[in-house]
Amino acid sequence: MKLSLLIPSCNRPDLLVEALGSVYSQNYPELEVIIIDDGSEPAVNEASLQRSFDMNLRVIRNPRSLGIGQVREQGAREATGDLVWQLDDDDLLAADAVSTCVRAFQHNPNLEVLFVNIGCFGKFKARRRQAQGEALARLASLLDIDPACGDTLLLGKRLLPALLFTVPMAFQHPVVRRASLLRVSNLRLLGLGGSGNGACGPGNEQSIPDNLNESEWSIYASAICCCGFLSRPLYLTRCDDQGYFSVDANKDILLREHLRLKRRLFENRNRLPELKPWKWQLRSAYARALLE
0 MKLSLLIPSC
10 NRPDLLVEAL
20 GSVYSQNYPE
30 LEVIIIDDGS
40 EPAVNEASLQ
50 RSFDMNLRVI
60 RNPRSLGIGQ
70 VREQGAREAT
80 GDLVWQLDDD
90 DLLAADAVST
100 CVRAFQHNPN
110 LEVLFVNIGC
120 FGKFKARRRQ
130 AQGEALARLA
140 SLLDIDPACG
150 DTLLLGKRLL
160 PALLFTVPMA
170 FQHPVVRRAS
180 LLRVSNLRLL
190 GLGGSGNGAC
200 GPGNEQSIPD
210 NLNESEWSIY
220 ASAICCCGFL
230 SRPLYLTRCD
240 DQGYFSVDAN
250 KDILLREHLR
260 LKRRLFENRN
270 RLPELKPWKW
280 QLRSAYARAL
290 LE
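In numbering that gives the first Met the number 0, the protein residues as written are 0 to 291.
The hints are simulated quantities; they were obtained by calculation from the structure and are not laboratory data. Beta carbons are placed, not taken as given, at the ideal position from N, Cα and C, and that holds for glycine. Check each hint, because a few of them may be wrong.
Listed below are the simulated DSS-like cross-link pairs for lysine-lysine, each with C-alpha atoms no more than 30 Å apart in a straight line [stated by the list, open to error]:
1. Lys122 with Lys250
2. Lys250 with Lys278
3. Lys278 with Lys156
4. Lys1 with Lys156
5. Lys250 with Lys124
6. Lys278 with Lys122
Okay, the calculated beta carbon distance ranges per label pair [to be verified]:
7. Pro12 with Arg262: 23 to 29 Å
8. Ser47 with Glu291: 22 to 28 Å
9. Leu289 with Ala42: 42 to 48 Å
10. Arg76 with Pro12: 41 to 47 Å
11. Lys275 with Arg11: 37 to 43 Å
12. Lys156 with Asp251: 29 to 35 Å
13. Arg126 with Arg262: 53 to 59 Å
14. Pro276 with Asp95: 34 to 40 Å
With the sequences and hints as input, model every part of the structure.
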């Protein structure tokens with residue numbers, strides 16, 4: 000089973016090399032690595048990376064930055080694997096992460112989206128670990144599952160209402176069957192007012208938000224896909240306050256982005272048939288966001 004690993008990157012060459020080092024150590028034969036260079040200056044040097052990492056690797060270059068929301072969609076259209084996984088250029092994969100996720104799909108033929116628990120490293124790892132542990136515990140209580148279970152847990156129709164309360168980081172970096180990825184992405188583009196044809200790239204941008212991009216995608220996925228959760232921390236996230244919302248001055252922006260997201264879902268509750276079963280939950284979620 001082939002897996003495509005997508006790595007968006009912009010002006011972080013040293014971190015990109017570190018991320019690729021964790022990918023190279025996976026020792027999984029059917030692995031495709033696609034780096035989307037979103038307008039880096041200088042450009043990502045594909046030849047140099049090929050010399051450093053002897054693996055199936057290619058670089059897609061955007062002459063100007065399109066933003067992370069657009070770039071993730073662009074990478075998804077370029078993937079050729081049975082499964083697709085997104086890795087941020089400042090994060091890492093744990094040892095045997097790829098093979099472990101592939102086995103989960105092989106053992107669960109109906110599984111379409113696998114949410115993967117996170118591990119933390121860096122200067123502020125304790126703070127992030129505590130915050131994400133609390134968010135994951137809250138979600139688990141809404142789903143009535145044990146997040147510490149070592150097996151792959153299949154999640155039912157309660158997932159979407161639960162994600163309207165909180166989307167922990169463990170539910171923001173899923174491994175997805177490629178056909179399901181395109182199906183969810185097209186639905187989300189329809190929800191954003193686009194054509195849903197999935198066309199991405201320079202000169203053909205649709206309005207894909209950068210902020211809360213992963214959270215919104217996961218909510219749409221929970222509406223139409225068979226989803227599961229793997230409790231092993233296989234996706235390792237860097238905690239050095241390098242993220243946009245790690246800056247205190249941007250916390251108010253985050254609240255406003257949450258409100259915009261809930262409003263979009265509320266407005267689409269009757270327009271998109273896939274969301275109609277949850278129209279009352281979507282209305283309640285929008286009301287909570289307004290109060291916040």
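Evaluated hints:
1. About 20 Å separates the Cα atoms of Lys122 and Lys250, which keeps this hinted pair within 30 Å; it holds.
2. With a C-alpha separation of about 28 Å, the suggested pairing of Lys250 with Lys278 holds against the 30 Å cut-off.
3. Between Lys278 and Lys156 the alpha-carbon distance is near 14 Å, which keeps this suggested pair within the 30 Å criterion.
4. The hinted pair formed by Lys1 and Lys156 meets the criterion: a straight-line CA distance of about 29 Å does not exceed 30 Å.
5. The suggested pairing of Lys250 with Lys124 holds, with an alpha-carbon distance near 19 Å, which does not exceed 30 Å.
6. Note on Lys278 and Lys122: the hinted pairing is violated, with a Cα-Cα distance of about 42 Å set against a maximum of 30 Å.
7. Separated by about 38 Å at the C-beta atoms, Pro12 and Arg262 break the suggested range of 23 to 29 Å.
8. Evaluation of the 22 to 28 Å hint for Ser47 and Glu291 yields a failure: the beta carbon distance comes to about 47 Å.
9. Between Leu289 and Ala42 the Cβ separation comes to about 44 Å, which falls inside the hinted range of 42 to 48 Å.
10. The beta-carbon spacing between Arg76 and Pro12, approximately 25 Å, falls outside the hinted interval of 41 to 47 Å.
11. About 42 Å separates the C-beta atoms of Lys275 and Arg11, a value consistent with the hinted range of 37 to 43 Å.
12. Hint check: Lys156 to Asp251, Cβ distance near 34 Å, so the stated range 29 to 35 Å holds.
13. In this structure, Arg126 and Arg262 break the distance hint of 53 to 59 Å, their C-beta atoms being roughly 30 Å apart.
14. Under the hint 34 to 40 Å, the C-beta atoms of Pro276 and Asp95, about 38 Å apart, fit the expected range.
Of the numbered hints given earlier, the model fails hints 6, 7, 8, 10 and 13; all others are met.
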